[in-house]
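Chemist: Could you build all of it, start to finish, from the sequences and the hints given here?
There are 2 protein chains.
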Amino acid sequence: MKYYLGLDVGGTNLAAGVVDEAFRLLSKVSCPSGAGRQMEEIVADMAAVSQKAVRESGIPEKNISSWGIGMPSAINPATGLLVHANCFGWKNVAIYTSLKKYSRLPIYIENDANCAALGETLAGSGARCKNVLMVTLGTGFGGGVIIDGKIYAGGDGMGAELGHTKLVYNGKRCTCGQRGCIEAYCSATALIRQAQESIKEHPEICSILREKNRKHAGGLEAKDVFEAAGEGDQLAAEVLRNYIEYLSCAIANFIVVFRPERVILGGGVANAGEELLVPLKKCLLANTFAGNEIGIPPITIAKCGNDAGIIGAAMQELYGANKTKKIRVC
Amino acid sequence: MKYYLGLDVGGTNLAAGVVDEAFRLLSKVSCPSGAGRQMEEIVADMAAVSQKAVRESGIPEKNISSWGIGMPSAINPATGLLVHANCFGWKNVAIYTSLKKYSRLPIYIENDANCAALGETLAGSGARCKNVLMVTLGTGFGGGVIIDGKIYAGGDGMGAELGHTKLVYNGKRCTCGQRGCIEAYCSATALIRQAQESIKEHPEICSILREKNRKHAGGLEAKDVFEAAGEGDQLAAEVLRNYIEYLSCAIANFIVVFRPERVILGGGVANAGEELLVPLKKCLLANTFAGNEIGIPPITIAKCGNDAGIIGAAMQELYGANKTKKIRVC
Numbered sequence: 001m002k003y004y005l006g007l008d009v010g011g012t013n014l015a016a017g018v019v020d021e022a023f024r025l026l027s028k029v030s031c032p033s034g035a036g037r038q039m040e041e042i043v044a045d046m047a048a049v050s051q052k053a054v055r056e057s058g059i060p061e062k063n064i065s066s067w068g069i070g071m072p073s074a075i076n077p078a079t080g081l082l083v084h085a086n087c088f089g090w091k092n093v094a095i096y097t098s099l100k101k102y103s104r105l106p107i108y109i110e111n112d113a114n115c116a117a118l119g120e121t122l123a124g125s126g127a128r129c130k131n132v133l134m135v136t137l138g139t140g141f142g143g144g145v146i147i148d149g150k151i152y153a154g155g156d157g158m159g160a161e162l163g164h165t166k167l168v169y170n171g172k173r174c175t176c177g178q179r180g181c182i183e184a185y186c187s188a189t190a191l192i193r194q195a196q197e198s199i200k201e202h203p204e205i206c207s208i209l210r211e212k213n214r215k216h217a218g219g220l221e222a223k224d225v226f227e228a229a230g231e232g233d234q235l236a237a238e239v240l241r242n243y244i245e246y247l248s249c250a251i252a253n254f255i256v257v258f259r260p261e262r263v264i265l266g267g268g269v270a271n272a273g274e275e276l277l278v279p280l281k282k283c284l285l286a287n288t289f290a291g292n293e294i295g296i297p298p299i300t301i302a303k304c305g306n307d308a309g310i311i312g313a314a315m316q317e318l319y320g321a322n323k324t325k326k327i328r329v330c
Numbered sequence: 001m002k003y004y005l006g007l008d009v010g011g012t013n014l015a016a017g018v019v020d021e022a023f024r025l026l027s028k029v030s031c032p033s034g035a036g037r038q039m040e041e042i043v044a045d046m047a048a049v050s051q052k053a054v055r056e057s058g059i060p061e062k063n064i065s066s067w068g069i070g071m072p073s074a075i076n077p078a079t080g081l082l083v084h085a086n087c088f089g090w091k092n093v094a095i096y097t098s099l100k101k102y103s104r105l106p107i108y109i110e111n112d113a114n115c116a117a118l119g120e121t122l123a124g125s126g127a128r129c130k131n132v133l134m135v136t137l138g139t140g141f142g143g144g145v146i147i148d149g150k151i152y153a154g155g156d157g158m159g160a161e162l163g164h165t166k167l168v169y170n171g172k173r174c175t176c177g178q179r180g181c182i183e184a185y186c187s188a189t190a191l192i193r194q195a196q197e198s199i200k201e202h203p204e205i206c207s208i209l210r211e212k213n214r215k216h217a218g219g220l221e222a223k224d225v226f227e228a229a230g231e232g233d234q235l236a237a238e239v240l241r242n243y244i245e246y247l248s249c250a251i252a253n254f255i256v257v258f259r260p261e262r263v264i265l266g267g268g269v270a271n272a273g274e275e276l277l278v279p280l281k282k283c284l285l286a287n288t289f290a291g292n293e294i295g296i297p298p299i300t301i302a303k304c305g306n307d308a309g310i311i312g313a314a315m316q317e318l319y320g321a322n323k324t325k326k327i328r329v330c
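Order-wise, the sequence lines are chains A and B.
Per this note's numbering, the first sequence runs over residues 1 to 330.
Per this note's numbering, the second sequence runs over residues 1 to 330.
In short, the hints are calculated from the structure, not lab data.
Please read these numbers as outputs of a predicted model, since none were measured by experiment.
Just to be clear, a hint being listed does not mean it is correct.
No copy labels: a pair is met if it fits in one copy or bridges any two.
Said to hold, decoys possible - In the DSS-like style, the derived pairs of lysine-lysine whose C-alpha atoms are separated by at most 30 Å in a straight line are:
1. Lys91 - Lys172
2. Lys281 - Lys172
3. Lys281 - Lys91
4. Lys282 - Lys91
5. Lys100 - Lys2
6. Lys91 - Lys130
7. Lys62 - Lys101
8. Lys282 - Lys172
Modeler: Below you can see the structure in the form of structure tokens.
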């Protein structure tokens, strides 16, 4: 039996675990990321939390096959540099070289959304399909594509950045600096912004949504919009209708390109479950090219939660993109 | 030495040829498609023109390895049916079964834009790269993607329909029935429509473009817009600026997803050469996510013209999508 060490690096937490050949998570350890510190300090914690996950799994270190890492950034396989991790303020940093000091294991680094897609495909809602699209509707819009059972990361290993394809020509400014990106319309952040704009635009309507917005010191959350709509709030229902229409067009674009066997939705917005799925499927059928002639794939909610990122990161040795092999030998 | 028979089926012509292992076209024969006739009549001509190409090549029939066909439609590998060939008015027709009556060879069927991308990659501007994006700017917007040296046709073999991804949310109606498709903004047909709309919207401007539109009994062509702009016509220059901005956003979306080694432009609009390439590259750099950080791939004009479709169709046995294998055994 072989075992694989996985580490999911997020802006808030570092989460590590050991995964077996059946994609089971044998241990799970996490600690705060401590964003804002020097890279070397954070890398030391990445190594420490990973080593702790190995100890807690009870698996002898010699039986661990590789160390797979999911990072909130693209990695340039040609240089081994991490391109841009917004949450840490890192740009073109030599993460691979720093990590190598802590481990004798082969290291694989991949974008975290790609790892989540792989983890869900192997251990969750993907039902071990060979061709899967996963979108994560959280702070950003994470997109991951599995082709022929492996992560697809584009010709140079920096592709499949689905959230930064344009959906609205000349549209709203995205965090990446471009205009009209899917992320600017379909992330949880975008849904909340759309709800707040709607509250402002309609001062004449006394709604449940407005009341929730007033009460929450930390601001609205995606679930507030679903809750308000569920309670019969017209303003919230209208906000959701528009959001789901945007989201359906975004997913339709990827169905038309990838024709996956299955589409998986993850992230905070996906917690709405059927309240999201039912209207989304209806819109998708209408908004997908040839949807009525050749059908659309089944759409499901992710099952593994945050574990998907760890499992997918760990399993890169077997199911990673070709490019991760290149990073390994840098 | 092995040889491969290719057939490119278009709405106007059927063009066949024999290709050798070095991707050279040894013979080329064509005849009118005769769209509007019964399918069986057209299929008989497809077979006849292909057999003639074999005779003219001088290659003994026993040395021909397979018959590869490019069709203006997606093919459903699960059923062997051609999904929808607009120019022939065919929908869900059993093309494979009809073709099989005429040949003992293994038959591979693929979308024509995918074949053109493969042909250009092997024998033309693709310089035998492994990851290539080709877009054909003609009556429609044909997109073909080569991944790891093979045609990419999506998980179920009906994907990579790049022209029918949405660029303008809730935008203009496309020929496919959807709204805002890239085809409705970036095909040669779209450029001509944009030019004609501009002429109408500005009756006060006496321009070279308007004069060309008046003179041409058959209506404007894409090259008229480039010519007028080249002669200093402000109206034409403005039309082109807008068109190239749309096109750059469309191509940017595919660069962000596929990160190809090379982008190839084919079709009527691409005949403009540098007049298209120079402003397009500038727009692409500005409109591609992380374009300034990680760069954009080289953009070139297709070299093989109509031969690309024949060569790519022929070479499916070696470099076709996995799905074509499935059609073969239907």
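Chemist: Check each numbered hint against the structure and report the violated ones by number, ascending.
Modeler: Every hint satisfied by this model.
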